[in-house]
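Novice: Below are the chains, spelled out letter by letter.
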Amino acid sequence: MNRREDSPLIFERSKPGRMAHGLPENDVPEVDVTEVIPPRFLREQPAELPEVSELQLVRHYTQLSTRNHGVDSGFYPLGSCTMKYNPKIHEDVVRDPGFARIHPYQPEESVQGALQLMFELQEYLKEITGMDAVTLQPAAGAQGEWTGLMMIRAYHHARGEGEQRTKVIVPDSAHGTNPASAKMAGFETITVSSTEQGLVAVEDLKRVVGPDTAALMLTNPNTLGLFEEDIVEMARIVHEAGGLLYYDGANANAILGYTRPGDMGFDVVHLNLHKTFTTPHGGGGPGSGPVGVKKALMPYLPRPLISREGDRYTLNDDRPDSIGRVKAYYGHFGINVRAYAYIRTMGAEGLRQVSEYAVLNANYMMRKLAPYYDLPYDRHCKHEFVLSGKRQKKLGVRTLDIAKRLLDFGYHPPTIYFPLIVEECLMIEPTETESKETLDEFIEVMIQIAKEVEENPETVQEAPHNTVVSRLDEVTAARKPVLRWKEG
Amino acid sequence: MKSRYLPMTERDKQQMCAAIGIRSTDELFADIPEEVRFRGELHLPRPLDELALTKHMAQLAEKNAHAATHVSFLGAGTYEHYIPSVVNHMISRSEFYTAYTPYQPEISQGELQAIFEFQTMICELTAMDVANSSMYDGPTALAEAAAMAFGLGKADKIIVSRAVHPESRAILHTYAQGLGMDIVEIGLEDGVTKLEDLEQAVDDRTAAVIVQYPNFLGHLEDLAAVEQITHAAKNGLMIVSANPLALGILQPPGAFGADVVVGDVQPFGIPASFGGPHCGYFAARQKFMRKIPGRLVGQTTDENGRRGFVLTLQAREQHIRREKATSNICSNQALNAIAASVAMSALGKSGVQKMAMLNVQKAQYAKRQLSRAKGIQVAHEQPFFNEFAIKMNQPVKAVNARLLDKGFLGGYDLGRDYSEYDGHMLVAVTETRTKEEIDRFVHALEVISNE
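As given, the protein sequences belong to chains A and B, one line each in that order. Plus 3 on top of the position in the first sequence (first one is 1) and you've got my numbering. Plus 3 on top of the position in the second sequence (first one is 1) and you've got my numbering.
One or more hints might be untrue.
Claimed, not checked - Chain A residues, not near chain B, derived (Cβ > 12 Å throughout): (1) ARG21; (2) LYS298; (3) ARG482.
As the list claims (entries may be wrong) - Below are the DSSO-like pairs computed for lysine-lysine, each with C-alpha atoms no more than 30 Å apart in a straight line: (4) B:LYS327 x A:LYS209; (5) A:LYS129 x B:LYS5; (6) A:LYS129 x B:LYS197; (7) B:LYS327 x A:LYS483; (8) A:LYS454 x A:LYS18; (9) B:LYS327 x A:LYS439; (10) A:LYS129 x B:LYS157; (11) B:LYS66 x A:LYS91; (12) B:LYS197 x A:LYS483; (13) A:LYS397 x A:LYS454; (14) B:LYS327 x B:LYS370; (15) A:LYS483 x B:LYS290; (16) A:LYS489 x B:LYS290; (17) B:LYS66 x A:LYS483.
Unchecked claim - Just some of the chain A residues that point at chain B, by a computed CB distance under 7 Å: (18) PRO11; (19) LEU12; (20) ALA238; (21) ILE446.
These are calculated hints, taken from the structure and not from any lab test. Beta carbons: idealized from backbone N, C-alpha and C, even for Gly.
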């Protein structure tokens, strides 16, 4: 992917008269379309879609793919995103026409295999999270958050406290989706601060919690990769105030088989199947964000739920207290099939090993890199850790530069400038599917870059040097947006 | 048991523990309080090897009837269409499917360019100025459009036609609970939105009017009239949910003056997959560019003046704006947007028109044949695209059970959502149906109706 050459748009490859489809000819008696559709409804100007041959089309997208970095291309330690290996067998099974070509409105008796899979996946996720029921409907983590908060809202309303409980408490280290989802669910957000140890300040939580508290949203381990060890006390504080606890499952890869959100006191949980359960990230989606709840919130789950009656699986739509639908049909079935296959492959012991090795890998890297970069929280981490580029910044090199320099070595950089509470932050998540050799090579490169910062900072500041484009002008992109191609 | 996904060896483990200064990995979990530590083993089925997994998954899949075992006339928002073989090959390039959101544009040019092309294709089909990088699905894109109109802060009433997909309306109602939008539904007359009622409902409090094109019953709404009524209100935005394939032949909503056009590109290269994942699109007028939810890809240049693409206008988004963001959505359906782009490129300018025309011809033929069948009535005489309603002389559920036995997936039971359409079946006929299959279907329905 190191050739610096222009990549024409598919529109620029287009020539009138070419095509790349194999559509059939019409085999029914033809009617004059203007006799069945009044001309005012008929398109006057055809849509200018590309005209290319099949080989041109294939070369175009193949070339584009070579200008992209995925997990299969190289190490991708993007913190909080759990960029682990995506098993190939999952890509095969999901394309079985018995999964790919079933319609959501087929009679129930004709989709028993699909319903069974969904029911069993619900059961596995209940067990893994320690919750009482699970919906597979949410499309992604952010939608899971919103779904969970809507249920929390419904719960408080049913208890006559809906008007009163208007606030959702979110740590200052939280994912940006947390406050955004809270707003969509009609809540205000209050921020609770973190201690110098990187954990939620329990004293501050006591200060902000009260009769207006609807919920506390928490990621555990948090976005610094640290386990919130006061979780039991925090749960007690929130519950005693009449609030509920929401678990953001973005970091669930750290805890499988070690602890469960349900046991920690959480009332609502979402999981990102595209993180912990190996479904591909797809360049940004589709993902899947199932939500689990404790018994008290079960009436509010989105409809329909998958139920089992004897040997038969059904779509249960008779749910009068449900918050309603959050997503068309039954969620991202194709993604859920992959997660199901993963759980069936790993089993309980395998999943526990996933977390054991994810955490071991992260701690190993953290210790190896600590002499060269600032380590703001010097304690065992979970599946990810943060470094600060403070030391390098003093030498005129920003974390952004370090990230760009990593591109030259064929790595996707870590998450940068997040969480917001760490200056010049680098958030590194190796995952359990990476070998020690890969970690060692990456560590060597990070050490080399730290040396370059001291000895030859321009190399880092001017990076990347061998990608298909150099740094892009994002300011002009935002000031004078060009969001589509136009001829000429 | 050793897993092929876990490269850790005993020796690696010892070396790594030594480097960290721990004796066992348990020490890394010591901060999990005793009382919440999980003891024992999760109650999950025993692990399956690759052969056993393949067999097990095939057994589950075999329990489902599908579009290759049965001839489908089922649509209602999800359709069985021709998927060019190239689509699957291109989205199987793992550089696309194992990547994440293109945060690092220098190593994500492939996806960014593909999405930029997708945005352009959506603008072309809808005749709108800007389109985003995709959304979860059509129904959530519709709810996001309503949220955007409401979020402009000038009005709080969202008017939606009952001829909009029932699931889209259901999601809209869920959104409304959280955001405090007032939802008003407008009834139908002869299978289309009752314009008199719409006119009466539209007022200064109206933030948006939402119609579907073709509507849920398959009919074409009078968008010119809807536009006049909507824009008579000072704050009213016209939101149209449109089937993008139909726009291959139908006058696009943009040409009628729509402010926002949403929908699902499932008809282009995306399998039904029991309802998901599909791929929503969201297109709007230029003036709403900075209010659009979701990711946007923009063109720019690098330090050497070379063309390149980046995620842009991120100031709208949650990771910067947090609670002030235009939406909480931070992902999109990138891979499915690429699938749709490949399909749209494969069909191309002429193919999209041809495929749309085949849908019209086949559906018209099926309607003509059904209108002559004994015991079956076509419900409306309205212009339609590839779907229309028929009235049966017995419950649709029972008819569909019989059709299943005869090797068909029958149409959608409209009575599920519309009491006035009890006993009505919504029949979808796409380019995938042959004359012979349509004839057999008509015959089967006629036999069932006269038993």
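Novice: Looking back at the hints listed earlier, which ones does the structure fail to meet?
Specialist: Of the numbered hints given earlier, those the structure breaks are 1, 3, 6, 8, 9, 10, 12, 14, 17, 18, 20 and 21, listed in rising order.
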